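Visitor: Chain residues, written in single-letter form:
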Amino acid sequence: MRQSSITDIISPIMAGPSSSHTAGAVRLGLLAGNVYNAKPEKVIFKLYNSYALTGKGHGTDKGLLAGVLGFAVDDERIKNVFDTPEAKKIKYEFNFLEDFNRHPNAVDFHFEGDLNMTVSGNSIGAGEIIIDKINNFSVNLDGKYNSLILVYHDEPGVISKVTGMIQLDKVNIASMNCDRSGKGKEASMCICLDGEVSKSCLEALNSLEHLYIVRYIKKLEI
Amino acid sequence: MEKITTFRQLYYACKENKKSIYETALDNEALNGENSEYTVRLQAKKSLDAMKEAIKSGLVSTEPSFSGISGDECYKLQTSKAESILGKTAQKIMIYALATSEQNLRMGRIVACPTAGSCGIVPSVLIAYAEDYGIKEDGQINALITAGETGRIISNKMPLSGAVGGCQAECGAASAMAAAALTQMRGGDVKQIINSAALALKNVLGLTCDPVCGLVEIPCIKRNPFMALHALTASELAMAGIISKIPADEVVDAMEQTGKLMSPLLKESSQGGLAKTKTAMALEKNILK
Ligand code: SF4
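Residue numbers (my numbering), protein chains in the order written: chain A, 1 to 222; chain B, 1001 to 1289.
Honestly, the hints are just simulated from the structure, not real lab data. Treat the hints with care, as some may be off.
[Said to hold, decoys possible] For lysine-lysine, the following DSS-like pairs were computed, each having C-alpha atoms within a straight-line distance of at most 27 angstroms: (1) Lys144(A) / Lys1276(B); (2) Lys1046(B) / Lys219(A); (3) Lys1202(B) / Lys1222(B); (4) Lys1222(B) / Lys46(A); (5) Lys1276(B) / Lys1260(B); (6) Lys1076(B) / Lys1092(B).
[Claimed, not checked] Among the chain B residues that face chain A by a calculated CB cut under 8 angstroms, a handful are: (7) Leu1031; (8) Gly1033; (9) Cys1113; (10) Leu1274; (11) Thr1277; (12) Met1281; (13) Leu1283.
This one's a predicted model, so the numbers in the text were calculated from it and none came from an experiment. We put the beta carbon where it would ideally sit given N, CA and C, even for glycine.
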């Protein structure tokens, strides 16, 4: 088991009332928003199981929206997020569902706008979260690492090109998750990093052939 | 120095280096360059400030929680007509604990210490005592670090979460943390501090987590003042030189085992206990629509 630190025990400072249903929801929203990385016109939130059932009493819906809008976990505006000018600028909708094949605290974000994207994740306890799906690709984002998400046309050699570029920055790869919809079709890479990649590395990645989406997602502050 | 994972190691490290628990804890955090003293003290100061803010806001609010079932209890206690049989500080502790917990249920800003549901226990004991007995900010930070170290050692054995260990692992752990902080501020020695934590923990073994409607509300809010005063008893006994016959680490072992033996129905799933009472079921129908 991971050794905790004193700072974990006497924090986080957060808007109540529940670390999994409120703080976790904000963090999921923040991370999903970073994955989408644009101003959505509309967001459809699908909350499952315990998130759907006790979510309202814990402000899970508010937390998810606040996160997407970029509010921090301890932002006191979360409580009245529906009335904030930020929230009034986008359309949103909440669906409360039951699906016992999903995690007890699962959520899907459907972003609509210039780009449509679905991001799914779970709140796994004590404010810890995991984003496990982007569109149909499985990923593994927990907000604790700077991460690269790449969606590309499945071609031989793309993975080694990408890791080669990261290597030039002397950044260690903590974990890597690859998935594809089929041979020669769309594929994805989720790379968690121990350090930070440079701007030039990101530019080089962006200019690679066969890449549709490149996202550099910074780890969450809290 | 090896990383400290048990109360026994903590005790011997303090004794060997003639240091207090918070000093040893800070050295321990800084091992392998992980968390510098500065980082830990800064977080403690930030958390302490946020705790004080939460109390201040909670004291003057009667805004209901989302569910509408609570929100005015801190006010009621502050304006109680009954003559209190508790001293001034103990009364203040109960009020601060309710103030913080109710703030939590209003989506106010609180410190999860160690969790959101148990957020009123450590701050109420620490801050009310510090106010009434003139403990300066530095002393409060040292006490919060002592509490944090107590929680950290417990959490090495089991996660501080109701879903894993029941409420003994949330409010119970918070009470042990508060007892350690208080005993530290009262000038207790290392042995007394560890004993106060052990005594507090020993007396909450088996405490279930059965929140009504799945909300961190019933019994959580009122459990905070109860568990805060529980920490006073532990500190009072320990300061008198009374020791826990079962050493602290073994109490933690017992707590871990008890958590495992506890039915999942009583661990945050709201499938048993208070959550399945007639009144709770009726509330569920009304609230979770
Ligand atoms: S009863 Fe459960 S939800 Fe409430 S404070 Fe205790 S552990 Fe947390």
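Visitor: Each hint needs a verdict: does it hold in this structure or not?
Guide: Now for the hints, and whether the structure bears them out:
no., hint, verdict
1, Lys144(A) / Lys1276(B), "violated, 38 angstroms"
2, Lys1046(B) / Lys219(A), "holds, 21 angstroms"
3, Lys1202(B) / Lys1222(B), "holds, 20 angstroms"
4, Lys1222(B) / Lys46(A), "violated, 33 angstroms"
5, Lys1276(B) / Lys1260(B), "holds, 21 angstroms"
6, Lys1076(B) / Lys1092(B), "holds, 13 angstroms"
7, Leu1031, "violated, 10 angstroms"
8, Gly1033, "violated, 13 angstroms"
9, Cys1113, "holds, 5 angstroms"
10, Leu1274, "violated, 15 angstroms"
11, Thr1277, "violated, 17 angstroms"
12, Met1281, "violated, 14 angstroms"
13, Leu1283, "violated, 11 angstroms"
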